[in-house]
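Here's the letter readout for the chains.
Protein chains: 2
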Amino acid sequence: MTQKRIYFGRFISTPRPDELLIRTGAVLVDRRDGRGVIEKVNWSVNGPNDAVSKLGVEAPVITTKETGFFFPGFIDTHIHAPQYPNVGIFGKSTLLDWLTTYTFPLESSLGNPKSPMYHDSSSPPDPLARAKAVYNRVISKTLSHGTTTASYYATIHVETTNLLAELAFKIGQRAYIGRVCMDRPETCPDYYRDESTEQTIANTKASIEFCKDLDPTGERLAHIITPRFAPSCLPETLSQLGTLAKKDDLRIQTHISENLNEIKLVKEMYPEHESYAGVYDHHGLLTPRTILAHAVHLSKEEMALVKARNAKISHCPASNSALGSGFCPVRELLDVGIDVGLGTDVSGGYSPSILDAVRNACIVSRHVGYLAGGNSRCNLSVADGLWLATMGGAKVVGMEGRLGGFEEGMLWDVQEIVLGDVDEFGDVNETGVDIFGWEDWENRVAKWVWNGDDRNVRRVWVGGRLVHERK
Amino acid sequence: MTQKRIYFGRFISTPRPDELLIRTGAVLVDRRDGRGVIEKVNWSVNGPNDAVSKLGVEAPVITTKETGFFFPGFIDTHIHAPQYPNVGIFGKSTLLDWLTTYTFPLESSLGNPKSPMYHDSSSPPDPLARAKAVYNRVISKTLSHGTTTASYYATIHVETTNLLAELAFKIGQRAYIGRVCMDRPETCPDYYRDESTEQTIANTKASIEFCKDLDPTGERLAHIITPRFAPSCLPETLSQLGTLAKKDDLRIQTHISENLNEIKLVKEMYPEHESYAGVYDHHGLLTPRTILAHAVHLSKEEMALVKARNAKISHCPASNSALGSGFCPVRELLDVGIDVGLGTDVSGGYSPSILDAVRNACIVSRHVGYLAGGNSRCNLSVADGLWLATMGGAKVVGMEGRLGGFEEGMLWDVQEIVLGDVDEFGDVNETGVDIFGWEDWENRVAKWVWNGDDRNVRRVWVGGRLVHERK
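Chains S and E are the protein sequences, given in the same order.
So for the first sequence, the UniProt record's numbering puts the first residue at 1; every next one is plus one.
So for the second sequence, the UniProt record's numbering puts the first residue at 1; every next one is plus one.
FYI, nobody ran anything at the bench for these hints, they're computed from the structure.
From a predicted model like this one, the values you see are computed outputs, not experimental measurements.
None of the hints are false.
Where chain E lies over chain S, by a calculated footprint (3+ residues, C-beta under 8 Å):
id	stretch
1	83-89
2	131-141
3	321-327
4	372-379
5	413-426
6	435-445
Calculated lysine-lysine pairs in the DSS-like style (CA-CA distance at most 30 Å, straight line):
id	chain 1	residue 1	chain 2	residue 2
7	S	K65	E	K132
8	E	K471	S	K65
9	S	K92	E	K300
10	S	K132	E	K65
11	E	K65	S	K471
12	E	K92	S	K307
By construction, the Cβ of each residue, glycine as well, lies at the ideal position given by its N, Cα and C atoms.
Bound-form chain S, shown alone (with noise of 0.2 Å):
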């Protein structure tokens, strides 16, 4: 019995695109079997009193600030866990440049001491030791600002990547965990590179043994097999991949059409193939259950495929703005029917926030609307943006029916969020967030939207275990 939880209070989510759900009421969890399951709901009860006759169990009741809310977890479908050091150090690059000249240097640092990025060092190198706090530190991080799943890219380590696994497991994030594949030469620098097909392979299965030991159930963590992107993988190691992935039904996640340059290279590195998603597609890597990051730049012909493979698309605002890749049209993707959810790329993107890709995706929508002569079907509210950074990110890493909102069956996978309220004096407990007393709760979500940050998180669960806590 004491493995239930109530939660009384406000409940705001978003069921579909543009609608905000607002309730009060409470919900009862099961966290028997580890896995938080929401076993009830009542959306008419007066009171955490009320709460307990009604649902009809003994168990503690967790009630929100009366100027609060819980909201579901976000989920960050598209995010470079070894790249977070570099949050906010890009220059002025683009994405080509931005992979050899920030980027490869990083991640190899976590597992390689001869990485360039220790050439100036004064202390020995190690790289384990790098990958420990830098790990534990992006963790924390996104889960302190509400990100309770995770879709990940480590680096082609497999003990840098096992760590990864072992560390989101341990701490509590419901978590992807992709060990990069690169071994294409002309891409990739030599102190960066897995040598050959079979070991791009070997090590990939070490990494899938490795999650699977780790959570047999695969429900809060598991193996996602990780082709950087179609220039930095041998013909041959795609092939593989794709057939590997088939076999285990395992999640897969790449990059696409982000940069003009970078589809120009695809064309030159794939002539035979008719375009990009065409490349992944005669792999075997265009799935249900393929995650894409980024299709900036995707043809007709190419969404009208993605979409017949029912593959996934992590739309990376911030990274986009940040690195001049375009503007990718999110309503014109809906409208054909693709699943979209939001990542925020770290660190081609600059905030380890999904509430940061939120507005950025607000933000990028109006430029498309803008570009397109003032379309405002371009535009996506703040409850689209709130729906694709929790029911669309489900649907793209395949836990659809099982996060994003408050329904019976649902995971708990819930952050509470404080807004701060402004007195008479014109004073308030310090957060991004002020509330005047007058506003409606459509508008102070939308003010949390906009203004919000970590502060603003004031507790966080995955599958019911409570992982983050603000002092």
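Fit chain E to the given chain S structure using the hints.
Using the frame of chain S, we list chain E on its own:
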């Protein structure tokens, strides 16, 4: 002697665009006449004691943390104080419907008990109490984000405008206070409009006098003539405001070319003038003391005219993105030789933070570059953005040489920044910025710009007076 202070530690500033100047040293500030002028600087001292001996003055020494630095206070060249409660509340609106839906009701509620904002309210209207809470809040909020100087729009109400002046002066933010002039019946609602040119001018004069009484020097506080924008004023009003500004050598602020429909409206309302900038020029409002907010869509001819008159531009990137107004070509404006600063444009802009404006200026410049076919010259660097926020802003508000740097003779309007150091376990004092230790100071500043917030602002001084300290 106790009116002198020595500041010791790391000083970072941007003397020229794209140049980050990082120095260690000491600065002596004289507060005797209440101005807080930098009397002496020394960039070759080794510690607090050495600072005292090399500067030759026995004065208290204030030092930065090892993980921090002094940085010039930010200058917000365009912010609507009464709109602060609406940050984040704009839905899918664009400029003209945003004004009538969100903005006029809120602004009027700070002076008019019959404002539509009170229609649904159960408590009796108390406009001045509301104004007091809002203005206290916006001043302390912007100070907490490092804004030491702000050019404010208030409302049309004299009493409310004067209250803003009084509070800014008392709390200690350097401020230009504009009573908003709007008296054209076609575009201004009955509940929020000056009745005639005579009333507009009389009310403006009342507020000018009030500000002069508060600060006869005009250095810490001054009135700024504020015709809302060309469509909201009678032509006769524009002319008389131009005359008034000239007579008293006052600053002027208004809006220009923010939105395509607005530009069309100006063309319809002022068919006799060649351009939007031409309207202001004709009425004597395009002067070296004029701040033009937005300027997203200026023609080449208008840019040349603005340059010829030496009028200034306040770039408000967050607002332009949020309201889908377009992409301001900042590099082009700078290349023409126009002085540009940054504005939050609260609440068209959703954030009270100029650091956020720096980020958005960098992002929008990348959009401009992308749309110009990948022209990286358009890109603003982090140092460019910080320059706009400090030195650029100083030019825009007519305080060049007095604000924006650490040279002798300048005023001590300064923010002390602290960053978070990640330890070997990945733990850190919570701010938005995580420093792992291997980053050089240029990259640390980049990390601050991209992920910093008010938590990184430890102390803020205006004219040598400590006006904000983070608990």
